[in-house]
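**Student:** Here are the chains, one letter per residue:
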Amino acid sequence: MNPLPLLAVMAGALGAALVFRWVRVPLWPLTGGLVGAAAVNLGFGLAAEVPTAIALTGQLLIGTAIGATIGSEVFRQFLRIIGPGTLAVTVVLGAGLLFGWLFAIVGLMDPAEAMLSLVPGGVGEMVAAAIALDLDSAQVVGVQVVRILTVLLSLPLVFRVSEWIHRRWIAGPEDTPGA
Amino acid sequence: MTARADRSGWGRALDVLRLLAGAAVVGSLLELLGVPAGMLLGSAIGAALANQKWTPRLRPTAFPRPLRYVGLLLVGLVSGVLLTMESLGSTASVALPVIAAYLGLAMVNLLVIALLMARYDVDPATAVLAVTPGGLAEVTSLAIDKGARMGVVMTVHSVRLLTIVFVFLPIVLAVVGS
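Sequence order for the protein chains is A and B.
Residue numbering for the first sequence follows the working numbering, beginning at 1 and increasing consecutively.
Residue numbering for the second sequence follows the working numbering, beginning at 1 and increasing consecutively.
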């Protein structure tokens, strides 16, 4: 396998990530890596292939970072949060199914592709299912990426509103600084 | 001073290697068993187990931020390479409706966020990241940056992922495949 396309997209990913860091884009290593790799891969028509080992290494490093923050109290929290967690999941998945149905009804997408594209699940699992069903997996990838970028880039606003709600309606006077 | 600094440096390196070893063992196991996002979930579980104070000599350690950034970069790279001109073209016609739909969901999610904060005493950052329909890697990485409660965030997202893979996908595959 010719390593040059892979090295080129890696360089593009790193360069874009550094630019995104400079302009303070949320999760700059991830969003910059994605945009940079896509730009180089498509711009130069490289059709680069990323070895599975690289994908697994990325997941290993992220998973390790997550696990390192988990203390023993987490396992006690698990059962306590399962109820509201299920509610949150039901809302998010229900919305995804509704969007898929609406997109199919108005003719924007094929029903099965709409479901796989719009339900907020793992991109890999959704794409694998699309391939297994002989659907347009390229569109599933594209729409899932749009979803992730929309969610990530709108998060700063969601954080601000949530913090306002907490300060205004939920936090008691003793929680207010200076009270 | 130098010797103590060196031992501290080597000690820290060994602690990080312990985390990675635990992560690699459990992550590889779940990946081989075909568990969805097996490496990601398994490495989080393995690192968490390796980072507990099982003996008086074992000290929990933090994972170096640069290594996490490398992981995020690699995940971004893998996702970026998946995009093709074909996928961009077929996505372009639906991009705006998708953006509008998920911005609308963000507004609806504020109700769930408010419920988590009011009823379950969850802080804003944790509540937001628990319900955010983003990728598991992205959301949990943001949770670290924001100091959110990892147990809550991971629980909710794990339930979401497992529900999709073991309930939603089999139904779609059965209905469409037939």
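Accuracy of the hints is not assured; some may be wrong.
What the hints assert, rightly or not - Per label pair, the in silico range of CB-to-CB distance:
(1) B:57 <-> A:22: 13 to 23 Å
(2) A:43 <-> B:49: 38 to 48 Å
(3) A:171 <-> B:104: 40 to 50 Å
(4) A:45 <-> B:96: 39 to 49 Å
(5) B:108 <-> A:7: 26 to 36 Å
(6) B:96 <-> A:110: 16 to 26 Å
(7) A:171 <-> B:96: 51 to 61 Å
(8) A:11 <-> B:86: 44 to 54 Å
(9) A:87 <-> B:21: 17 to 27 Å
(10) B:55 <-> A:110: 50 to 60 Å
(11) B:52 <-> A:45: 25 to 35 Å
Claimed, not checked - Taking beta-carbon pairs under 7 Å as the criterion, some of the chain B residues facing chain A (in silico):
(12) 32
(13) 54
(14) 118
Unchecked claim - Reference excerpt, derived from the structure (chain A facing chain B, CB under 7 Å, subset only):
(15) 2
(16) 13
(17) 37
(18) 38
(19) 50
(20) 52
(21) 60
(22) 91
(23) 95
(24) 107
(25) 129
Because the hints were derived from the structure by calculation, they are not lab data.
Remember, it's a predicted structure, so these values are computed and weren't measured experimentally.
Note that beta-carbon positions come from the ideal geometry of N, C-alpha and C, so glycine has one too.
**Student:** Which of the numbered hints above does this structure break?
**Tutor:** 1, 3, 4, 5, 7, 8, 9, 11, 12, 13, 15, 20 and 24
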